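Could you build all of it, start to finish, from the sequences and the hints given here?
Residue numbers (my numbering), protein chains in the order written: chain A, 1 to 271; chain B, 1 to 536.
Derived by calculation from the structure, the hints in this document are not laboratory data. Please read all numbers here as calculations on a predicted model, not as lab measurements. A virtual CB, placed ideally from N, CA and C, is assigned to each residue, including glycine. Fair warning: there could be bad hints in the mix.
[Unchecked claim] So these bits of chain A aren't anywhere near chain B, every CB distance computed over 10 Å: (1) K32; (2) G33; (3) A122; (4) I185; (5) I186; (6) P191; (7) W236; (8) C266.
[Unchecked claim] EDC-like mimics (lysine to aspartate or glutamate), calculated; alpha carbons at most 20 Å apart, straight line: (9) A:K23 <-> A:D38; (10) A:K59 <-> B:E203; (11) B:K508 <-> A:D38; (12) A:K67 <-> B:E203; (13) A:K59 <-> A:D37.
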Amino acid sequence: MEQGVQRWVLAGTDYVYPRTTNKILQAYLTQKGVAEDDMLVNYTPFGHSDWQSIVAEIKRFGSSGRKTAVVSTVNGDANVPFYKELANQGISAGDIPVIAFSVGEEELSGIDTAPLVGHLAAWNYFMSVEEDSNFDFIDEWLAFIGDDERVTNDPMEAHYIGFNMWAAAVEAAGSTTPDAVRDAIIGVSVPNLSGGTATMLPNHHITKPVLIGEILDDGQFQVVWETPEAVAGDAWSDYLPGSKDLEADWRAPRRCGNYSRSEERCLAGGE
Amino acid sequence: MRFAAAGRVLILCLLLGVLASPTVAEDAALRERVNALFEADDQRRRELLREMAASGDERVPAVFAALARGALYLDRRSDDVVVAERSGARYEVRDVLTGNELPGAGRRDVRRLRVDNRLREELASLTALRGLVSEDVGERRSAVRTIAAAPSTLALETLRGHLARETDASVRDEIELTLAIGALSGNGSAVSDALATLEGRSEARVRAALTTFLERNDLDSAQREAAQASLRKAQSRLRWLARLEALFFGLSLGSVLLLCAIGLSITFGVMGVINMAHGELIMLGAYASWGAQQLLPGQPGLALLLSIPAAFLFCGFVGLLLERGVIRHLYGRPLETLLATFGISLILQQAVRSLVSPLNRSVVTPSWLSGAWEIAPGLALTYNRIAILLFSLITFALLLALLRFTRLGLELRAVAQNRAMARALGVRSGRVDAMTFALGSGVAGLAGVALSQLTNVGPNLGQAYIIDSFLVVVFGGVGNLWGTLVAAFSLGVANKLLEPAAGAVLAKILLLVGLILFLQRRPQGLFPRSGRQDTL
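Right, dumping it as structure tokens:
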């Protein structure tokens, strides 16, 4: 939006995660005043390898004179033929940037990255984050795995945070029983690898910075945008009618994953 | 011609400042500008780049190229901007101007200079100004296109100046188009002239410019109508081109299906072996092209060409082993063959996972296979797809010739038609079986080489194509190569014609339902084998 993008292609693999993400995105974009005609939603089967018609369609959609971007929730193996086809049909990141939610350093390590340079990805961590804590982590990991070519990525940072949080909660609770840890873990803060801290919220989500990176030739990301501070994770989207009203709160006494504010009761999953 | 060239050089000098060998002062100035890049904000950075381009220093393009690919770093030990390449956990550092090697750096010693799409466009546009005076028409054309993608006032002025000197008609045309698009945002008669130039053009950027133009609210009715008529014309033209394009996409999908299915058509169609490991043979072929590229680093094109025979022989050999080791003991027992080959397919997948890597391998597309052939504005066919289409047809023709004109082909057909009679006439059917299976497997390897240019090379590659391959063979009529050809292309085209309307998922379902209904009526497929058939 800040880049002046006015038309959006929401391309995803046909299963629950992309469909939910796109539902939220569509609701969000509609709220921001994007017309129905300016959104193109497209689903493909897992491992889809023949992207010719879809890329041609994106190209036509994007040649209306207004800046177009693709939000890709295409998963796994289907990504490579997708990016290859984009490059071959002459669509560069400058014309129609693709922002992906599931392409990270590890995925890029098996790809010829030349056609991908300049496309974007959104994560909470990139290996290229220039912080001492991250350098320490990378050095330890490379020494552990014994291979200097390996990369670190966002899911690894998530585990780093998760394990440290659990350890801190166990120390606080003085026990490893799940119930005690669950009560102790809310409010626990541990450092993340991008120079900030992650805090466990009452809804069992944590705070994380959001980074947007552009793919570089060497398979790394260049951070081009980041949130000024860590963002609190939301259990329920504020943009969907069904979940706007819900909230999660695992503190005693409510202990409920989907508490309805209007009905003032826990719909399911509480104790 | 020499005068023209001399003229160009002269103009370059006037344009970019006088070229001279770098003096100490120039050196210092350039170095200072490069170093300032790290701290500068976007606005200042753009100014610095423009100053550098205008200085006409010969070393500037190299600096720009390094910046564009993200290889410029700030060395925190010396506070200088350097060129660094990562190798493993270390960085090899070079001086940004001289290229002299500097002491290597660790992760903590360097900070990358931020580069994003906007900056990259700016850099390309600045570099392209130099390309305008190139002797090579292609280079000039691409320079104009780069400038057109992100036109600055300075660039447009330069283009206007260059137009009079341009000798090549197609480059002139590009320049006129770019200038006309630029003029659309102006006023008065310039706009009307621009509209006249853009009339009936269907290039994407023309349509884009006209659409933006129509959003202006200070237009008179004549201008508005002219723009609208122009757009309408372009759109009706594009509708036709889109149909042609869909047809090509279908043929291209068909060619992939043909390549995958044709090997199966031999093993399944002619020999009657249900080979579930056919997909894995394709996968091995793709790995052969990866292996060839590993053996010949820096020459992806040559490696790819060499991998065609290599993959054929390698997969043929694997096929031979499979036939001699497993399948020949199971002739006449189709269910057991199915299970055994399914097991082999799992073993092969796991072998690749364990021996090579569970991750996808990257096969580089050589430069002569990337990009697209632009037949008309709005209709561009990608080179890799064209190459695969031709490759599949050549493979088909060779296979057909082999079956028709060689001794192996003759024996193969004889065994397929009547094994007992062929044996009685002295054909060693066991040997023929082995060779046939090896041939089918080798062709699967060829399919793998082609697929390595389209999709992931990973252990699961074969899984994605095995079902489609069987579909094509059954639809075309078991044991009929021509049937496989027709089936592959008709399935491909049907899929691509359905896809825009129905979506990728539904198109595939519709096609499957249609196919099942067809096979209900004609279980023998499109082209049933005529005459007496022995079960094998």
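Hint check results:
1. The beta carbon of K32 of chain A sits about 19 Å from the closest Cβ of chain B, which is more than 10 Å, so the claim that it is off the interface holds.
2. Remark: the non-interface label on G33 of chain A is consistent with the geometry, its nearest Cβ contact in chain B lying 16 Å away (cut-off 10 Å).
3. Once the 10 Å rule is applied to beta carbons, A122 of chain A is consistent with being away from chain B; the minimum gap is 15 Å.
4. Distance check on I185 of chain A: its Cβ is at least 32 Å (rounded) from any Cβ of chain B, clearing the 10 Å threshold; non-interface status holds.
5. With 10 Å as the threshold on Cβ separation, the claim that I186 of chain A sits away from chain B holds: the shortest Cβ distance comes to roughly 35 Å.
6. No beta-carbon of chain B comes within 10 Å of the beta-carbon of P191 of chain A; the shortest separation is about 18 Å.
7. Every beta carbon of chain B lies more than 10 Å from that of W236 of chain A, the smallest distance being close to 28 Å; the non-interface claim holds.
8. The non-interface label for C266 of chain A is consistent with chain B: the shortest C-beta to C-beta separation is roughly 37 Å, beyond 10 Å.
9. Distance check on the hinted pair: K23 of chain A and D38 of chain A sit about 15 Å apart at the alpha-carbon level, within 20 Å; holds.
10. Distance hint between K59 of chain A and E203 of chain B is fulfilled; the C-alpha atoms sit about 12 Å from each other, no more than 20 Å.
11. Restraint check for K508 of chain B and D38 of chain A: not satisfied, since their Cα atoms lie roughly 27 Å apart, outside the 20 Å limit.
12. For a cut-off of 20 Å, the pair hint linking K67 of chain A to E203 of chain B stands: about 16 Å separates their Cα positions.
13. Simply put, K59 of chain A and D37 of chain A have alpha-carbon atoms about 15 Å apart, close enough for the 20 Å limit, and the pair holds.
In summary, the one numbered hint that this structure violates is 11.
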